[in-house]
Amino acid sequence: MNNFIFLYTDVVSIPKTNENFRLLYDTKGRFSLYSIRDEESKFMLCKVRSVQFGQKRIPYLNTYDGRTIRYPDPLIKANDTIKLDLESNKIVDFIKFDVGNVVMVTGDRNRGRVGVIKNKEKHKGIFETLHIQDSQGHEFATCLGNVFTLGKGTKPWVSLPQRPGYLMELEHYLRERHPDSGLKGQLENMQKGHWMLLRTSGLSTDISLGFLINVDDDECEDEATYGPNAPTEETENTDT
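Once you know that position 149 of the sequence shown is 149 in the numbering used here, the rest is easy, because the numbers rise by one and skip nothing.
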């Protein structure tokens, strides 16, 4: 059995089933495969690491996935994105790393989020900061090295999932995915003083963490059982 390394924006084709997939990040920062059409499986996007000159002043560029391509377009600079034809291994187009273009975050806690670059902040001696706005109007900041340009303007060159790269609020998520679970009422009728850990074993597996929420008095048998004054094993042993 042969093992192959797959990187960001790589294309995975299955001839037996006539299916094609592209490897991207979801909003939780995990690698996910997204189905694409046959036309889209013929190219991939690569981020430019550097543009240099070799022997006899031959220009070439290096990409973050380890490719070296000679005689690139003189307008291509570092951090730009190239559209690479997988059959000929040639550059067919490129995207400038400019304000107003759509990008995906590939690092830090915002990995997988998609948005448009609003502005850049240059700091002397340290990294450059980008301010990005997603499709819901939420703004966040990240380092320049964590951003991958996906298209010109607001239209990406690759297919994105149905909900393209924005984080849903917890309440909206539960309303949409679990309308009859009873969690909606618990979130809307939060009260102070009583806390319990909402475990997610009974919900969909895409919720991987527990959330601390308030519950009503009638849902708690005793404040000492669920509240901050809950007895520990040591206190129980001393009482006995």
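Please note that a few of the clues may not be correct.
As the list claims (entries may be wrong) - Dumping the calculated BS3-like pairs for lysine-lysine here, alpha-carbon to alpha-carbon at most 25 Å:
#1 Lys-120 x Lys-90
#2 Lys-122 x Lys-152
#3 Lys-77 x Lys-118
#4 Lys-152 x Lys-90
#5 Lys-16 x Lys-77
#6 Lys-28 x Lys-56
#7 Lys-77 x Lys-56
#8 Lys-152 x Lys-42
#9 Lys-118 x Lys-90
Since the hints were made in silico from the structure, they are not lab data.
Inset, instruction - Determine which of the earlier numbered hints do not hold for this structure and return their numbers in increasing order. - result: Hint check: 1, 5, 6 and 9 fail, others pass.
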